[in-house]
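Asks: Since the structure of chain A is already known, use the hints to place chain B on it.
As a plain string of letters, each chain reads:
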Amino acid sequence: MNWANHLIILPILLPMATAAALIPIDDRNRTLKGVLSFASTVVLFFAAIILVTLAASSQDAADSAFVYMLGNWPAPFGIVLVLDRLSALMLALSAVLGLAAQVYAMARWHTAGYHFHSLFQLLLAGLNGAFLTGDLFNLFVFFEMMLAASYGLLLHGSGPLRVKAGLHYIAVNLAASSLFLIGVSLIYGATGTLNMADLAVRIMTLGPESRMLMEAGAALLGIAFLVKAGMWPLGFWLPTAYSAATPPVAAMFAILTKVGFYVILRLSMLLFGDEAGMSAGFGQTLLLYGGLLTIGFGAVGVLASQAMGRIAGYSVLVSSGTLLAAIGLGNSAVIGGALFYVVSSTLTICAFFLLIELVERGRDAGADVLAVTMEAYGDLDEDEDEKEVGVAVPGTLAVLGLCFCTCAILMSGLPPLSGFLAKFAILHELFNEDGFGGNMPIGAGQWIYVALLILSGLAAMIAMNRIGIRTFWTSIEGTIPRVFLIEITPVLLLLLATVFLSLQAGPAMRYMDAAAKSLANPKNYTDRVLTAPRVAPAGGV
Amino acid sequence: MELVLSAGIGVLTASGVWLLFRPRTYQVIIGLSLLSYAVNLFIFGMGRLRVNAPPVLEPGGVGGLLTHTDPIPQALVLTAIVIGFAMTALFLVVLLASRGFTGTDHVDGRE
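Chains A and B supply the protein sequences, listed in that same order.
Quick note, the first sequence lines up with residues 1 to 541 if you use the numbering used here.
Quick note, the second sequence lines up with residues 1001 to 1111 if you use the numbering used here.
Next comes chain A alone, as it looks inside the complex (with noise of 0.2 Å):
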């Protein structure tokens, strides 16, 4: 075993360190922490872009998992890593994500509360651990962990708009991990395993009677990550906690709904494919009209939505949607378009929720108390402004402008950025009678999908229009907000990524339907892990 063996577990340990190594440092020295905790992510987003070109390495498809072994224990009894191109592919997403909202951060949002560098490191390393383990309780360890710090963060800043966001967040999350558990135990009890790849290969041999049981635990642990990936009708805490949260937390929520969608898809794929015999495509109906539904309520939220965090909250749920119901089509190459879809959108998403905050900050309160949501408003800010670093940019309101054109541009869906390759990915493959689908007819849910795909970006496009020409053209103070170079490089740069995304579409497109094979294939990702061979211990001990 090489060191690139040993990276794998790299994007665990590090950030759990570095959580570990900030606590004892004081809060006053909130710069020093800072940096020590952007260097930290710095490290994971270079370990995450070798385990991509790892991952990558392979030329083919089928052969891309590499496995861990925890404490050199094989398979089916000790817990594995497993690092595939799709897990590598959300490792690199979580380490981009998590790079900019920490620079942004760094402006003037730690200072909001205690210990943010501290949460913001838990919160990179249970990502990372829920995309990378083979276990499914460990699985569970690493979602609570990841949750744990998701709640100290949607706190961070306090106020009593967080709280009472804070407080609904937590309980339905609390009521979906008692979901989750009950789901693996329910596994347990019918298969004997929690192991992925040993649970995909017991599910094809199972009795009916355990089948049943089998088949209630996968359906209550699904409903554990729907809730998480906010589908209609499990989603509506989601736009007010995403937009109550502070703008750098929000961003980096922007990826933990996409762990819901990871595990859903890495489980449907890998158990319940076309060799899972009876249980084969379990779920899928649900679904695809499950995520149509979430896309209709997403844009029809997003129409009614007066307060951008609304707009951007709403259209987490969209893309959430839209990535359910690609799963739900069971269609292989549509997958590779909706892996495209995550990385566009959830880099969007976040520049989005970063962007809010900067072109608020000049608006008076009273502005929006003429616009009709008071809701999901807080003043509570007001005073943090005095006592900020950094270089104010000239012509903000022209590049404050240009941003959330380009934020709009991609969350409808136009050309030429990705947020339209994406799209155009899916449909392209929907459609596509004779690719590696094979000649599926288009049925009715496939229709809807479409139709709702479009308008979604309709609805998306129409919503920004309103408020940007509200915001920018006529707004009523015509005050110029501060923002700092450090707060606008990280939107900039997120920004400047999804057009490397749209420039290096080939590539990226061929990686993501490399991953979607390989998804497809579930039986190589079993064999890899159930043959791993055992390290010899190393000589004299």
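I should point out that these hints are in silico values taken from the structure, not numbers from a laboratory.
Possibly wrong hints are sitting among the right ones.
[As the list claims (entries may be wrong)] Looking from chain B toward chain A, a few residues come up when the C-beta cut is under 10 Å (computed):
| # | residue |
| --- | --- |
| 1 | Val1004 |
| 2 | Val1011 |
| 3 | Thr1013 |
| 4 | Val1028 |
| 5 | Ile1030 |
| 6 | Asn1040 |
| 7 | Arg1048 |
| 8 | Pro1071 |
| 9 | Ile1072 |
| 10 | Leu1090 |
| 11 | Val1094 |
| 12 | Thr1102 |
| 13 | Val1107 |
| 14 | Asp1108 |
Glycine included, each C-beta is placed from N, C-alpha and C at the ideal position.
Replies: For chain B alone, kept in the frame of chain A given last:
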């Protein structure tokens, strides 16, 4: 024994869910606690009910399903208890903060 355990889990879950939907924060937290007790018992039950069967091996002894009980659900329960306990403590703090900000114990912060 099976009947007692399943009835216990059922009663705890039913009470927990009912309390979870009540408007007072204290009721919600008690509901969540009851739910987590029910879940813990449920996980324990998934290892099959056995009396007088140890989950760990004696030194030099031979293990088997005839003489031993499945240790994994017990390990899972321990983890779930610890996590559930920590989350309840955190929720309690948020509850108090909400009470402090709004002056009411309603979950929405207003009657």
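Asks: Looking at the structure, which of the earlier hints fail to hold?
Replies: 1, 2, 5 and 8
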